[in-house]
Amino acid sequence: VSITLRLPKRVEEAIAGLDASSRRSFLKASGALVFSLGVGTLPGAEVPAERPAAAGPWPDPDHLQLDTWIVLHPDNTATFFVGKTDGGQGTGTAFRQLMCDELDIAYDNTRLVMGCTDITPDQGGSGGSDALERDGWPMRRVAAEARRVLLELGGQHLGVPVELLAVSNATIAMKSDASRKVTYAELVGGKRFNVALSGRNVDATTGMAAVKPVNELRVVGQSLKRYDIPAKVDGSQKWAVDMKLPGMVHARNVRPPLAGATLQGIDESSVADVPGFLRVVSRGNYVAVVCEREEQAIRAARQLKVECTRPEVAPFPASGELFNYMRAATPSSTSEPQLLGDPAAALAGAAHVIEAEYEVPFQGHTAIGPAHALADPSDGLMTIYSNDMKAYGLRNGVARFLGMPREKVRVVYMEGPQVYGRTAADDAGFEAAFLASELGRPVRVQWSRDEETAWDTKGPPYVFKLRGGLDAQGKVVALEYDACAADHNHLGYNEPDTVLIAQLMGRRPERPARGNAETPSVMYAIANRRTTTRVVPLPMPWETPLRTGNLRDPNGPQVTFAFESFIDELAAAAKADPVQFRVDMLAGAREDAVFRKARSLAVMEAAAKAYGWDTRQSPQPRSAALHGDTLSGRGIAYTYRSNTVAATIAEVEVNRRTGRVWVRRLVCAHDCGLVINPEGLRHTVECGMLHALSRALWEEVQFDTEKVTSVDWASYPTLRHTDTPEAIDIVLVNGDPNPGRPDLAPYGAGEGSHKPLIAAVANAIHDATGVRLRRPPFRKERVLAALEAANA
Amino acid sequence: MSQVKLHVNGTTHEVDVDPSTPLLYVLRNDLDLQGPRFGCGVGQCSVCTVIIDGAAIRSCITPVSAVRGEITTLEGLSKDGQLHPLQQAWIDEQAAQCGYCQNGQILTAKVLLDRNPTPSDAEIRTAMDGALCRCMTYFRVQAAIRRVVHGSSAAGEGK
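So the sequence lines, in the order shown, correspond to chains A and B. Sequence positions in the first sequence follow the working numbering and run 228 to 1019. Sequence positions in the second sequence follow the working numbering and run 13 to 171.
Heads up, a few of these hints could be off.
Said to hold, decoys possible - Taking lysine-lysine pairs in the DSS-like style, the calculated list, with each CA pair at most 30 Å apart, reads:
1. A:Lys452 with B:Lys91
2. A:Lys465 with B:Lys91
3. A:Lys408 with A:Lys439
4. A:Lys439 with A:Lys402
5. A:Lys635 with A:Lys465
6. A:Lys802 with A:Lys702
7. B:Lys17 with A:Lys471
8. A:Lys824 with A:Lys439
9. A:Lys465 with A:Lys452
10. A:Lys836 with A:Lys802
11. A:Lys702 with A:Lys824
12. A:Lys824 with A:Lys836
13. A:Lys465 with B:Lys17
14. A:Lys471 with B:Lys91
15. A:Lys702 with A:Lys836
Unchecked claim - Facing chain B, from chain A, some residues (calculated, C-beta under 10 Å):
16. Val460
17. Trp466
18. Gln523
19. Gln645
20. Val646
21. Thr911
22. Leu946
Stated by the list, open to error - Sample of chain B residues facing chain A (criterion: CB under 7 Å; computed from the structure):
23. Gly51
24. Val54
25. Leu86
26. Cys110
27. Tyr150
Honestly, the hints are just simulated from the structure, not real lab data. All C-beta atoms in this analysis are idealised placements derived from N, C-alpha and C, irrespective of residue type, glycine included.
My request is simple: use the sequences and hints to build the entire structure.
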């Protein structure tokens, strides 16, 4: 087995720059990580015989061994191994910063390997914006432990107590005499630590050392440039799509032409003339073609004749009928109503009662690069090269799907197009593994654009009904919130009985997942509240392209759109300034353990200040809003996502002749606690907003009663360069009520700015035009129709 | 199958393929280039962009047999180990999130600047409009282009 061939390029890159001998040491060390060789060996003991890191089977790397996380090289550099992936937010760079600080090593002298199930500890991959909030902690603690062990070894080496030593960039020296020193490499370079860690699970992994107080962190807080960007702009990055293996062949799926169609027959002679044609593989309603070359597989997939029968019942209503259908549908699950105070009585006694309904359509991930994976079945093992953000889940799921022992399956995570949740990367990984096991040779699966757009998992659509009561002073005295989501059979990640291939094969769990309809995430104090939610099914839960799964903050943009729009409607009815109205409701809230009340007030204030918000009611007078054909206005929305708090202000221009909405400026005040990399954070906050702007202005999955008709960028438009705001201001509030305290925690940033944006845009459109849009996307035809209907 | 001659990044290659094969697959699978990537296969997103004789070409819908002239891919932008100013600006502005689409962003920008070295902000937006990004890096991409044009990324000139 050639080590260099089998190691992923990224791992090769991680060790590039080292000389041959240190590189061999790395491989020795990483081999030792996988095959726990050391029993009773002392720290710093020589590593036994070289073993290739990549030869299977692949037992789980032991997260309770320090060597699993950190390898020190003879040239006094280090490689960190973490069980995460990076969807493009620069979390890899942030992990290195955290670990460098605790280990006391210069950032440039480190490398990072992520998400390869055979050599990185299982931290679950990515999801829920928890990379720093949860998974950064064990990384910090193991790096701190490595530093502690090194200091002890250094003390022994120099013959002085540890208290007399200081560390600077991987060199330990006496505080009183810097010439008496020893490097990390001299102590452990190319060798194993052989240090056991403790912790009931990977998240709790710890050694004996404490992490540094925040005010002693030096690398954390710096805007270091992301290490992965240079290779992404010069073309040298090897992505999962670039992975090739000897003997590899190309597969394309052939999806049912109509949702729920039953396969009756396949006419293989229809592709007999395709050069390089190898096989049609079918099982149940799953069909794929395999050819020697990629363009041949594309042609064969187009050309293959299949005979299907329609399902007896239409699988779903047409998109134009969806919300009426949802309103009338019998719920598959209903939550227990949450009641606070007496909302019925409070509404009966209110001076004004406002009521409004909101709708949000299906929206998709629709990755810029359709789903793909390469699977290699060599030697009775299975390696999947994938950009799936949950490499470990993919490994476990495929092992169960194929009936293979887990240690015979591994996933090598490689860079890929964006992965904001449960994407079709899961599905493609299973398909590649299945086809590779069928053909007995490496198979690359690539979804087409229409397949990606139509069949990828989608964020659930919602209908909301809200009622609110104001007293004579314009104070909110009651609020009723009712949410209905078509989220029945919400898919989990990498489940061997719910991935698309399993569904089409007829392998299904006993009952579909219940799904979810969410409630708002705000700190407002409203004395009388009633909250009800329910989930409704579409007629066909299985084998449908309208599959719901987690899409960036799975329910947040929908729920926050409705709720924060409605708060704005209440503010307008109260003739109150929208910021002040919210501040007043926050002022009466109770504080919580992570200071979300104080931090909510802080982001609200910071956003208003950064924007230059003048206090007035909405909508703004026509005389002020109108310039030529353009109506302009501003809107605010606020929410929290887990422990992260964000307030967003959008300034819009609405062309009253065309209906086009342009968000000219965005301001976000964002508080996610400890900031690891300010510039990386700003960029993530910015792109999270613009992603939601795409959902606000453009995105809506369309379908007739037989199939999804959104199949490309014309039928599923997305945000473009011409839609981009001309100014984006981000304020990192870091709103710790006790600034400078040593234990400020980092919270997630992947979704917080995404969540309130649609509402901010809707509120700004109302401020500009006086017209309330209660259903995104705010495409120009819909806006124009609403303006005309309101005579605006 | 037939022999097709391609001039790519200063080197001439001869490949034996079906002449109707989209250029993209020949570049990726026969010549092992990684800059142009598959995004849509219907010429809508620009992820597969290459430059042929100064024009941004969607290689996913261009039959290999139709190609005449010198092909430049993302890999061909740097000269003598020096990054193209756009590539450097992309690093300076940290203009990528996942980065998958950035091939199309950078090459579309190069064609723009080769034709018009001092585009206004409005011209940048219009010229870049067909280069799609699902991480929504547009704001930074525009800043990176302005950085090359003006030496700074500040917005607002020539709107």
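Checklist entry - Which hints from the list above does the structure break, by number from lowest to highest? => result none
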